[in-house]
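Student: Residue strings, one per chain:
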Amino acid sequence: MLKLLWTDILFFILLAGFAVLIVRTRGREHLRRPWRKVARSRSAMVSLVILLVYLAIAVLDSIHFHPRTEGENDQYQGEVISVLDSWMTPIRTRVEKTYSAPFSSYAYAKEMIRQPDGTQRWDYPRLQYGGAHLADPEREKTADILATGVKGLGKGTLVWLVSAFLVIAWRSRQDRVGLAESFKRIVLGRAEIPWRAVLLTLFLILGCGGMLGELGLRYHVLGTDKVGEDVFYQSLKSIRTGLLIGTLTTFATLPLALGLGILAGYFRGWVDDVIQYVYTTLNSIPGVLLIAAAMLIMQVYMARHEDDFASLALRADFRLLFLCLILGMTSWTGLCRLLRAETLKLREMEYVQAARALGVRQGMILVRHILPNVFHLVLISVALDFSSLVLAEAVLSYVNIGVDPTMESWGNMINSARLEMARDPVVWWSLAAAFLFMFTLVLAANLFADAVRDAFDPRRAE
Amino acid sequence: MNAASEALRAKAQPETATALLSVSDLHVSFRQGTELIPAVSGVSFHIDKGETFALVGESGSGKSVTALSVLRLLPHNGRIMRGQASLGGTDLFGLPEYAMSAIRGLRIGIIFQDPMSSLNPVMTVGRQIGEVLRLQRGLQGSASRNRALELLDHVGLPNPQRHLDEYPHQLSGGMRQRVMIAIALAGEPELLIADEPTTALDVTIQAQILELLERLKRESGMALWLITHDLGIIAELADRVAVMRAGKIVEQSGREWFFEKPEHPYSRELFIAMPRLDACLNRPEKQNSESLLIVEDFKVHYPIKQGIFQRTVDYVKAVDGVSFSVAQGETLALVGESGCGKTTLGKGILNLIENSSGRVRFDGADITGLRGEERRKRYAEMQIVFQDPYSSMNPRMIVGDIIEEGLRALHPSMTETERRKRVEDLLQSVGLPKEARLRYPHEFSGGQRQRICIARALAVDPKLIVCDEPTSALDVSVQAQILRLLRELRDRRRLSYLFITHDLAVVAELADRVAVMHRGKIVEMGATRQVLFKPSHSYTKRLLEAVPKLRKA
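Respectively, the protein sequence lines represent chains A and B. Heads up: the first sequence begins at 159 in the numbering used here, then just goes up one per residue. Heads up: the second sequence begins at 823 in the numbering used here, then just goes up one per residue.
It should be emphasised that the hints constitute simulated quantities derived from the structure, not laboratory data. Please note that the accuracy of each hint is not assured.
[Unchecked claim] Below, simulated DMTMM-like cross-link-like pairs (lysine to aspartate or glutamate); rule was C-alpha separation at most 20 angstroms, straight line:
{"hint": "1", "chain 1": "A", "residue 1": "Lys268", "chain 2": "A", "residue 2": "Asp582"}
{"hint": "2", "chain 1": "A", "residue 1": "Lys195", "chain 2": "B", "residue 2": "Glu1159"}
{"hint": "3", "chain 1": "B", "residue 1": "Lys1285", "chain 2": "B", "residue 2": "Glu1195"}
{"hint": "4", "chain 1": "B", "residue 1": "Lys1127", "chain 2": "A", "residue 2": "Asp294"}
{"hint": "5", "chain 1": "B", "residue 1": "Lys1371", "chain 2": "B", "residue 2": "Glu1082"}
{"hint": "6", "chain 1": "A", "residue 1": "Lys503", "chain 2": "B", "residue 2": "Glu1346"}
{"hint": "7", "chain 1": "B", "residue 1": "Lys1343", "chain 2": "B", "residue 2": "Asp1325"}
{"hint": "8", "chain 1": "A", "residue 1": "Lys503", "chain 2": "B", "residue 2": "Glu1240"}
{"hint": "9", "chain 1": "A", "residue 1": "Lys195", "chain 2": "A", "residue 2": "Asp333"}
{"hint": "10", "chain 1": "B", "residue 1": "Lys1371", "chain 2": "B", "residue 2": "Asp1052"}
{"hint": "11", "chain 1": "B", "residue 1": "Lys1374", "chain 2": "B", "residue 2": "Glu1159"}
{"hint": "12", "chain 1": "A", "residue 1": "Lys195", "chain 2": "B", "residue 2": "Asp1052"}
{"hint": "13", "chain 1": "A", "residue 1": "Lys503", "chain 2": "A", "residue 2": "Asp430"}
{"hint": "14", "chain 1": "B", "residue 1": "Lys1374", "chain 2": "B", "residue 2": "Glu1091"}
{"hint": "15", "chain 1": "A", "residue 1": "Lys268", "chain 2": "A", "residue 2": "Asp294"}
[Stated by the list, open to error] Some, not all, of what chain B presents toward chain A, calculated at C-beta under 10 angstroms:
{"hint": "16", "residue": "Lys1169"}
{"hint": "17", "residue": "Leu1172"}
{"hint": "18", "residue": "Gln1205"}
{"hint": "19", "residue": "Val1207"}
{"hint": "20", "residue": "Leu1232"}
{"hint": "21", "residue": "Arg1244"}
{"hint": "22", "residue": "Tyr1262"}
[Said to hold, decoys possible] Some residues of chain B that are not near chain A, with every Cβ distance over 10 angstroms (derived):
{"hint": "23", "residue": "Arg1193"}
{"hint": "24", "residue": "Phe1208"}
{"hint": "25", "residue": "Phe1266"}
Note that CB positions come from ideal geometry on N, CA and C, so glycine has one too.
Go ahead and model the full structure; you've got the sequences and the hints to work with.
Tutor: If you want it as structure tokens, here you go:
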């Protein structure tokens, strides 16, 4: 039985909005042109594939439902899990006792182990799930890993072959050439869109995915954290958190920045003065303090209305939602300033004057003439801010005013690494996993945003 | 091959004995995506020492590209495909890049069209000239400063000491162009290329700059390669003329021969399209009809605020007490140089700019103080067509939407089919196909865009159209077409025009009455014939003197 949380609903509304924008772009030639330029850039298309994979994982993780409870007890009734959770069930439920290194069969900390003959030994215990199928870990591990890895790679390649064929078939229908011709074009890299690079990236992702999937069933591929949860599972769950912060924040930013920026630039006079005072003041307050204050208010609210937030998931979700809103409301000033400057320029354009002479009302002028001509700034700003918002979440969690500690996020993983790095031997895998996933997402987002900026900035037009 | 082209080729043979620059069979193309678009296709000519060679052609003909390729200053996607250029024996295309720096500036100088964007706005005039002197002549310090002063004096700047330390924005357009010429002369070149040197300048300044170029040429024996689209300029200056069209030279001959008997049909077209002052002599007198627009004591004053309390110390009197009237079906031309306030007046009448005082009466009613809905409807009977066809339409709207914008605002009861029909009718009446309504503005040429703007103005059935220099940005043949269109529309729909321009010859073609503006005031007003041929005010006389003789004939 589906139970969508607040953030899920908003996320899907946002995705629907994007879909509508894409459909409207298809009809207008002047909008399609810059996107075609983006499509021709190899780095942009590779980044897009990576971003879409992240997006797919986030979407899977956003469809929450109540699981069918086994047995008669309603113990799990309050718990909601997502589609991603249920897909990764074996990995999710195989919880160890404490830390363990990646691919290890032994726990991280020594324990008193009861020997079969009664005596006790102070040694590393075998993990309950990780590498449990191996009789002699030292010797068999490498071979087992290789074999499982190859099996996973094979599965991944199979999926890839199907998708590659679909792509070639689709291109052959679009370009109206035969399958063989389409295959040749794509393989030799002669197509307009760099499909070869895209397919190679897809192969890497599916191959790695297949390997990790297979290996994950037998080992903890990225180790376990303090309470024994699989780090690989945690990293995948954190994707949703990072992505939501990057995208939902625009919900709060855009109306404020667009509305106030355009009004200030177009009407000037006292409207402009008031808006300028507002955003200058807001900009002068340190953002972290504002966010900290807002989060405290939210915590007090949650404490006062205990009943509304019955389950842990709901509490964490509300906190995430609030964080997105607050981040949005403190970061609209930059875009607002840009839009105001652009509007100041646009209102002197001759076609705006012609519209006034033709008797077009002010509101219509704003919507038909100003708004479409500042949209490229909005697009560039959203694309560039995305990565900085993902990074901001990590910083905020570090200062304990980010997402709920029970929610999986890269920020929380990095936060706990503070103490982990102080141990001996160093517990590095949690930090490394968070870093790897976050780095890939931010790099892909930045490369894509660069290509979008190059395509949409009229001054760089070639 | 007929005799004409034989003669053409014979004239184009480089006479290496006296030729300073000889270009043969030059082909230049631009790379766009994967295509190569030819800009110059087989151009051959030569320039002798000390002569003035004029290369005439409309925009897009490839004349600037030819000049840039001789200097090897093409943009990065330009390629010299074939051809040779030699400067007094040196093969220019065979030189390595570092050797070209000994040619550019030292042996060939160049001045460009728009002096504001050719001068560095953050460097003083003295530093910019000094830069050239240091690089080309190795002068530094006080020697460089003295030479710079000499050069500024040579080009006729009235106060060289003061101007040497000023920034480009502190100088007027004419003065900036003189500075550019000084910079070009600093290297003491053998050949000076002038790429449309006076297009951005007023007609009186234009005359002065051309005189300066002629004097400099005479004094230093330098050759001058003049690139322009204005036949009037070269009638007085050039020794030899070449006409370029679509990347080829279609005619090349000496000046007298060219102006007496142009051979190529395209050259003849250029002559016919050129507006002349005597065009007003053959038109019948306009009948008196009632006044449509009456403007009384119109003032647009911008306050100058100074000091910490922003007190108003003085006013910039852009329009200072202007009164005139336009009758129904009449065309009143508003003439003046840049900065005289004519555009401000035109926009102020339409209430696009706030006026400080004055009354505007339109169609019997006083519309000065109207607000809101009433204002919207009343002012819509006066429309405006702007100067720049490239920025006067929203690039993200299709042509159909642009034209019907006024209809949607003022006639909300019209259905979509009715609006579409009207848009198609309008497009046809301005000479564009019906399908144009589905395309974007950037797909049209400058003249076609201006037609779309005219259609947009006509959509709401105005009685008066303010034309703010609508043809200044267009080529001479396109200008002739637009003027013809404006005449047709006026006759068919009984429109009145307030035609703002700086070109007196265009005035002669179109206007019934002329008002001459100078520094915010109208100094002379009357029937076209009278003002142009029997001017009474000294300023009008000065303007007329500056018009090239060719346009007067």
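Student: With a cut-off of 20 angstroms on the C-alpha distance, tell me whether lysine 503 (chain A) and glutamate 1240 (chain B) pass.
Tutor: Violated, at about 35 angstroms.
Student: Keeping to a limit of 20 angstroms between CA atoms, is the pair of lysine 503 (chain A) and glutamate 1346 (chain B) held or broken?
Tutor: violated, 36 angstroms
Student: Is the Cα-Cα distance between lysine 1371 (chain B) and glutamate 1082 (chain B) 20 angstroms or less?
Tutor: holds, 14 angstroms
Student: Measuring from the C-beta of glutamine 1205 (chain B) to each C-beta in chain A, is the shortest one below 10 angstroms?
Tutor: holds, 6 angstroms
Student: Can you confirm whether the C-alpha distance between lysine 1374 (chain B) and glutamate 1091 (chain B) stays at or below 20 angstroms?
Tutor: Within the cut-off at roughly 18 angstroms; holds.
Student: Does the structure keep lysine 195 (chain A) and glutamate 1159 (chain B) at a Cα separation of 20 angstroms or less?
Tutor: Distance of about 44 angstroms is beyond 20 angstroms: violated.
Student: Hint check: lysine 1285 (chain B) vs glutamate 1195 (chain B), CA-CA at most 20 angstroms. Holds or violated?
Tutor: holds, 19 angstroms
Student: Checking one constraint from the list: CA of lysine 195 (chain A) to CA of aspartate 1052 (chain B), max 20 angstroms. Satisfied?
Tutor: violated, 39 angstroms
Student: Take a quick look at whether lysine 1127 (chain B) and aspartate 294 (chain A) sit within 20 angstroms of each other, Cα to Cα.
Tutor: This hinted pair is violated, its Cα atoms lying about 89 angstroms apart.
Student: When you look at the beta carbon of arginine 1193 (chain B), is every beta carbon of chain A farther off than 10 angstroms?
Tutor: Fine: 13 angstroms to the nearest Cβ keeps arginine 1193 (chain B) off the interface.
Student: Using the nearest Cβ pair, does leucine 1172 (chain B) come within less than 10 angstroms of chain A?
Tutor: Hint on leucine 1172 (chain B): holds, closest Cβ of chain A at ~6 angstroms, below 10 angstroms.
Student: With the threshold set at 20 angstroms, check whether the alpha-carbon distance from lysine 1374 (chain B) to glutamate 1159 (chain B) stays at or below it.
Tutor: Given that 20 angstroms is the threshold and the Cα spacing comes to 19 angstroms, the pair holds.
When held up to the earlier numbered hints, the structure conflicts with 2, 4, 6, 8, 12, 21, 24 and fits the remainder.
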